[in-house]
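Following the hints, complete the assembly by docking chain B onto the known chain A.
Listed here are the chains, written in short residue letters.
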Amino acid sequence: MPPLINADGIHKSFGGMEVLRGTTLRVDEGEVAAVIGRSGSGKSTLLRILNGLETCDAGFLSVDGERISGLERDLRRLRLKVGMVFQQFNLFPHLTAGENVMLAPRAVKRLSRPEAKSLAGEMLAGVGLADRFDAFPDQLSGGQQQRVAIARALAMRPRVLLCDEITSALDPELVGEVLEVVRKLAAAGMTLVLVTHEMRFAREVCDRLVFMHNGVVGEEGKPAELFSRPQTPELAAFIGQAGQGSAGR
Amino acid sequence: MPYQFSFEPIYDNWGILAEGVLTTLGLTLAGGALGLGLGVLGAVVRFRRTPVQYQIVTAYVEMVRNTPFLIQLYFIFFGLPSLGLRLAGWQASILAMALNLGAYSTEIIRAGLESLPRGLFEAAAALSLTPRQTLRLVLLKPALKNVWPSLCSQVIIVMLGSSVCSQLAVVELTSAASLLQARTFRAFELYLFATAVYLLLAVLIRFLLRRVGRRFIARGRP
Chain A
1 MPPLINADGI HKSFGGMEVL RGTTLRVDEG EVAAVIGRSG SGKSTLLRIL NGLETCDAGF
61 LSVDGERISG LERDLRRLRL KVGMVFQQFN LFPHLTAGEN VMLAPRAVKR LSRPEAKSLA
121 GEMLAGVGLA DRFDAFPDQL SGGQQQRVAI ARALAMRPRV LLCDEITSAL DPELVGEVLE
181 VVRKLAAAGM TLVLVTHEMR FAREVCDRLV FMHNGVVGEE GKPAELFSRP QTPELAAFIG
241 QAGQGSAGR
Chain B
1 MPYQFSFEPI YDNWGILAEG VLTTLGLTLA GGALGLGLGV LGAVVRFRRT PVQYQIVTAY
61 VEMVRNTPFL IQLYFIFFGL PSLGLRLAGW QASILAMALN LGAYSTEIIR AGLESLPRGL
121 FEAAAALSLT PRQTLRLVLL KPALKNVWPS LCSQVIIVML GSSVCSQLAV VELTSAASLL
181 QARTFRAFEL YLFATAVYLL LAVLIRFLLR RVGRRFIARG RP
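So the sequences go chain by chain: A and B.
Residues in the first sequence are numbered consecutively from 1, following this note's numbering.
Residues in the second sequence are numbered consecutively from 1, following this note's numbering.
Looking at chain A on its own, in the form it has when it is part of the complex (with noise of 0.2 angstroms):
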């Protein structure tokens, strides 16, 4: 079976800078990959460029056997596909929860407002928010809104979900809540890419570790193997600082 995410050596550079340097990344249906690395090693780039945020520079990609171009009635075609959620929630502040989950399947799935409506109440119970249907964003904690931002994404039925740095702008008490939800999604099928710092939840969820570094994949295999063996020294050195940096989490 062909991977459902195909990008084939990526490469981008942001005024000079070339950021990604030929990096490749398969993702197959139901896999939960997660990339780690340094700041700065292009891992969050990689994932804006396969929601097509950001265009690559040369590479190939592909999504679900369908090869992407730059243009924007693909780029749409190709959100359809690759959901997405940020690290800053991003959530619509004149909407409620539920408003917000119901915006997209509206206006581009066309869906009626009772059937968009039972979609989002649907959607907000998978994340355990049913109750705060009516809430508007700054009445929600941040970890109840990122929640919401993931319902959003889900409520367009993604073949894939994009996490960047999902848990970073959270209090340390409410990455756990979001955290479950991933772990839940996780468990029932859906294909995820995590950019993620949570070394432990990377270790404990994913079946595929990817290690950037200096624009390219450094490193990538079963998490286990690639904590307790890694290949290269920098892939030894990022795992040493990390643990030592999340060993209060």
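To be clear, the hints were calculated from the coordinates, so they are not data collected in a lab.
Yeah, the Cβ is synthetic: ideal placement off N, Cα and C, and Gly gets one too.
Treat the hints loosely; a few may be bogus.
Claimed, not checked - Have a look at the derived ranges for each label pair, beta carbon to beta carbon: (1) GLY26/B x ASP134/A: 37 to 43 angstroms; (2) ARG215/B x ASN214/A: 51 to 57 angstroms; (3) GLY59/A x ARG210/B: 49 to 55 angstroms; (4) GLU204/A x ARG210/B: 47 to 53 angstroms; (5) LEU160/B x PRO114/A: 44 to 50 angstroms.
As the list claims (entries may be wrong) - Computed list of lysine-lysine pairs in PhoX-like fashion (alpha-carbon distance at most 25 angstroms, straight line): (6) LYS141/B x LYS117/A; (7) LYS81/A x LYS117/A; (8) LYS109/A x LYS81/A; (9) LYS222/A x LYS184/A; (10) LYS184/A x LYS117/A; (11) LYS109/A x LYS141/B.
Quick look at chain B alone, frame taken from chain A:
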């Protein structure tokens, strides 16, 4: 002999003064609504930087912001008939007020759009919304909310500016007061009255616009 105050001309002529107040309110309502609508359209064009449209809107904004309101009014009322567009005084007044408010509010609303966090655009894009849907459904209300106090002030400036429309023989509050002043020579009393009414109207309009803002733009939030 000290000046004897007499407010009788006001009591005796309340009809024309009331008409003046209503006309001022009517001009403000029409000019305000049209002007804000124009401002939204202008801001969207400026924000999206659509070629040609962008240059046209920029020229319009700069032209209005760098010329006196009285000249704009004269141009519309006395100048346009040469091109075959003859407007009544009240029509010219509303048009001038709308164009004036439109230019200023274009810039205010554009600033509101540009102040929004980048993440809102990205979240909307990630949900497959088109740029047009993103503006209409996601960005416009938060942008208006951010700049609503400035927009309210601008509407009040235009309401006060409507006194200039007395020059076109539109009987609004200022010309009503001037008319009676010429008849009764009670300048102090009449202009004091006009001043008080303008002040009251400004406070009233600000209050109403705040409520409108809270109801439609920032609903459900403290």
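Structure-based check of each hint:
1. GLY26/B x ASP134/A: 37 to 43 angstroms: holds (39 angstroms)
2. ARG215/B x ASN214/A: 51 to 57 angstroms: holds (54 angstroms)
3. GLY59/A x ARG210/B: 49 to 55 angstroms: holds (53 angstroms)
4. GLU204/A x ARG210/B: 47 to 53 angstroms: With a Cβ separation near 52 angstroms, GLU204/A and ARG210/B satisfy 47 to 53 angstroms, so the hint holds.
5. LEU160/B x PRO114/A: 44 to 50 angstroms: holds (48 angstroms)
6. LYS141/B x LYS117/A: At roughly 21 angstroms apart (the allowed maximum being 25 angstroms), LYS117/A and LYS141/B satisfy the hint.
7. LYS81/A x LYS117/A: The hint holds at about 21 angstroms.
8. LYS109/A x LYS81/A: Holds - the C-alpha atoms of LYS81/A and LYS109/A are around 13 angstroms apart, at most 25 angstroms.
9. LYS222/A x LYS184/A: This hinted pair holds, its Cα atoms lying about 20 angstroms apart.
10. LYS184/A x LYS117/A: holds (23 angstroms)
11. LYS109/A x LYS141/B: Measuring from Cα to Cα gives roughly 22 angstroms; hence the hint holds.
Going down the numbered hints, you'll see the structure goes against none, and every one checks out.
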